[in-house]
Amino acid sequence: MTFEELEHTADVRMKITAPTLAELYAESGFALAATLYGEYSREKAEVSFPIEAEGKDAEETFVNFLSELLFLTEVEYLVPTSFDLVVCNTTVSGNVSGILFDRKKHAGGIGVKGISYSGISFEKNAHGYELIIIFDI
Amino acid sequence: MNEKIQHIAATEWEIPTGFVPGMRVPGRFFLSESLAKGLEEGALTQLANVATLPGILCNSLGMPDIHWGYGFPIGGVAAFDEKTGIISPGGVGFDINCGVRMITTPLTLADIPDMKGLIEDLFETVPTGVGSKSPVRLSQNDLSSMLLDGAKNAVELGYGMKSDISRCEENGAMPGADIEFVSKKARQRGVPQCGTLGSGNHFLEVQVIDEIEDAATAKTFGVAEGQICVMIHCGSRGLGHQVCTDHLQVLEEATKKYRITLPDRQLACAPLHSPEGEAYFGAMAASANYAWANRQVITHLVRELFVKKFKIAYEEMPLVYDVAHNVAKWEEHDVACGHNGGQRRRVCVHRKGATRAFGPGRKEIVQEFRDAGQPVIIPGSMGTSSYLLAGTAGAMEKTFGSTCHGAGRVQSRSSAKKQLTGEMVASDLARRGIIVRAPNAATIAEEAPDVYKPSSEVVQVVHDAGISRIVARFRPLGVIKG
Chain A
18 MTFEELEHTA DVRMKITAPT LAELYAESGF ALAATLYGEY SREKAEVSFP
68 IEAEGKDAEE TFVNFLSELL FLTEVEYLVP TSFDLVVCNT TVSGNVSGIL
118 FDRKKHAGGI GVKGISYSGI SFEKNAHGYE LIIIFDI
Chain B
494 MNEKIQHIAA TEWEIPTGFV PGMRVPGRFF LSESLAKGLE EGALTQLANV
544 ATLPGILCNS LGMPDIHWGY GFPIGGVAAF DEKTGIISPG GVGFDINCGV
594 RMITTPLTLA DIPDMKGLIE DLFETVPTGV GSKSPVRLSQ NDLSSMLLDG
644 AKNAVELGYG MKSDISRCEE NGAMPGADIE FVSKKARQRG VPQCGTLGSG
694 NHFLEVQVID EIEDAATAKT FGVAEGQICV MIHCGSRGLG HQVCTDHLQV
744 LEEATKKYRI TLPDRQLACA PLHSPEGEAY FGAMAASANY AWANRQVITH
794 LVRELFVKKF KIAYEEMPLV YDVAHNVAKW EEHDVACGHN GGQRRRVCVH
844 RKGATRAFGP GRKEIVQEFR DAGQPVIIPG SMGTSSYLLA GTAGAMEKTF
894 GSTCHGAGRV QSRSSAKKQL TGEMVASDLA RRGIIVRAPN AATIAEEAPD
944 VYKPSSEVVQ VVHDAGISRI VARFRPLGVI KG
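Protein chains in written order, with my numbering: chain A, 18 to 154; chain B, 494 to 975.
The hints are simulated quantities; they were obtained by calculation from the structure and are not laboratory data.
Accuracy of the hints is not assured; some may be wrong.
[Unchecked claim] Taking lysine to any residue pairs in the SDA-like style, the calculated list, with each CA pair at most 25 Å apart, reads:
1. 801/B <-> 930/B
2. 73/A <-> 754/B
3. 677/B <-> 121/A
4. 678/B <-> 89/A
5. 678/B <-> 141/A
6. 121/A <-> 920/B
7. 32/A <-> 534/B
8. 141/A <-> 757/B
9. 677/B <-> 57/A
10. 32/A <-> 601/B
11. 911/B <-> 73/A
[What the hints assert, rightly or not] So, partial list: chain A residues that the calculated Cβ filter (under 8 Å) puts toward chain B:
12. 47
13. 51
14. 67
15. 123
16. 128
[To be verified] Calculated from the model, a selection of chain A residues having no Cβ within reach of chain B, i.e. all distances over 12 Å:
17. 25
18. 36
19. 40
20. 58
21. 59
22. 65
23. 69
24. 96
25. 101
26. 105
27. 108
28. 133
29. 144
30. 145
For each residue, glycine too, the CB sits at the ideal point set by N, CA and C.
The following block holds chain A by itself, in its conformation from the complex:
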């Protein structure tokens, strides 16, 4: 796991790190899924959906990417287990695969209303990339 929950009074604030940008997007997706479903095993995928997002800067692209993923979780009942993503400047595209929501396995988290710009930060450091983002619950 390369994400951890930081302190926030009302919402969920996540710090996500990864060596590459594509992995950072994937890990941000798993951070969102962990908030929604708690801990769950990443079983063999049964369904797959295309996913893409762009923005005028990296922060906006992350917000848009995670908003797309949130949409898939609510409309398709997707629980992501793997991402296959390509990142080009401020565009990310690829596929998200997973299994369908099952209350017996996945009802361990909390609903996310939206992906917030509040306190968002994205930076490249000596170890790779780091994103701090708040999920509005």
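Place chain B on chain A using the hints.
Quick look at chain B alone, frame taken from chain A:
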């Protein structure tokens, strides 16, 4: 407390202009001295930031449950001039028309020997938590009608009684809803979720009225000591969340287009009568209507269960009132500040985690309650009391007819989970006679009563500040957390 903050009355504090650059009006908030000690610097800054927005009237206001939010603080209220003012999703929130309603029953405690069984049945009846699915099969046309007509539409579909409609703020449907500006994605999220409770701080609670403070008003509102009631707290679900997400991006661009200088990106906004501002208003009003329909469908599910379980009549469970928490609305107010002191004006009031609390005489209040003032519902936090209050003339003078919406969190979810388990919280509540049920134990830990301010202290501030007056207190018996 920051040294620049001025204590201007027992429960009133002022943030002077200049606290952050560009403030057009002062900030003002309502807290007791003890609650003020816990106020976060971030919430103060947010309250001051709101005061920089174009067209803001009188004060940027913070209710007694004020805490750090998104754009506006939670518990934030601001009214904007029709010609020079703006509209901002940051002043409404992701969960458009998150709100609370209360229904009464003819039952007393003696009629419910098995509270645990009742809560379990309610948990099975009302779809709750992440991944919950609607009991209603909506077509796209049905959804369009719901977005336009709100609670009235739900009643027409068979989910409620005609008498419910006038017991909702705005009669359960805000004028100005425009479905053209509700995206396909928002509609896709809305179709499977109408009649679902959601998660987080949303809840369904069975309560008993354990103290009447104002007997005459309680009688008017139809509540009596010892009576069992049900309180429902939820909002517009994914549909409203998507509307907020969609329009935030449009309004970010609009902020630049209209050259509005903001201290915080989260306050993205547009002039009220700009195409972008009107589009957001239309979509927000449609989402608000969906939320009223959502609470109406849940009400119906609850009534049906009580009818079946306790052999009472459906009509014996009237709605006391339904109030919205997260909306921006056109209202008329006597604006007692600036160049037009005391003039009745049409203004756009943003209430972000705040409740309308109109005082006696307002035409917006259903005739039967008009002399008493609007019923105001302030829920507690699973283990603490909830309150029914009445709106006051003081609220009309000080807060554009607004009051607080709850107790307000003081502890993070992650911190709560480190200190508590769901089992610990549930056991503690059970010892106090309160049954709690949720899809998972973590939710119970995150929503433990101690992570909120004491509701009684917050409500006392409301009462003492004169921005609503206490009518009745409710003790929790059983609660479902989403």
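Hints, one by one, checked against the model:
no., hint, result
1, 801/B <-> 930/B, "holds, 21 Å"
2, 73/A <-> 754/B, "holds, 19 Å"
3, 677/B <-> 121/A, "violated, 30 Å"
4, 678/B <-> 89/A, "holds, 10 Å"
5, 678/B <-> 141/A, "violated, 33 Å"
6, 121/A <-> 920/B, "holds, 23 Å"
7, 32/A <-> 534/B, "holds, 22 Å"
8, 141/A <-> 757/B, "holds, 24 Å"
9, 677/B <-> 57/A, "violated, 31 Å"
10, 32/A <-> 601/B, "violated, 49 Å"
11, 911/B <-> 73/A, "violated, 38 Å"
12, 47, "violated, 16 Å"
13, 51, "violated, 11 Å"
14, 67, "violated, 15 Å"
15, 123, "holds, 7 Å"
16, 128, "holds, 4 Å"
17, 25, "violated, 5 Å"
18, 36, "holds, 25 Å"
19, 40, "holds, 24 Å"
20, 58, "holds, 16 Å"
21, 59, "holds, 18 Å"
22, 65, "holds, 19 Å"
23, 69, "holds, 14 Å"
24, 96, "violated, 9 Å"
25, 101, "holds, 23 Å"
26, 105, "holds, 21 Å"
27, 108, "holds, 16 Å"
28, 133, "violated, 6 Å"
29, 144, "holds, 23 Å"
30, 145, "holds, 24 Å"
In summary, the structure is inconsistent with hints 3, 5, 9, 10, 11, 12, 13, 14, 17, 24, 28 from the numbered list given earlier, while agreeing with the others.
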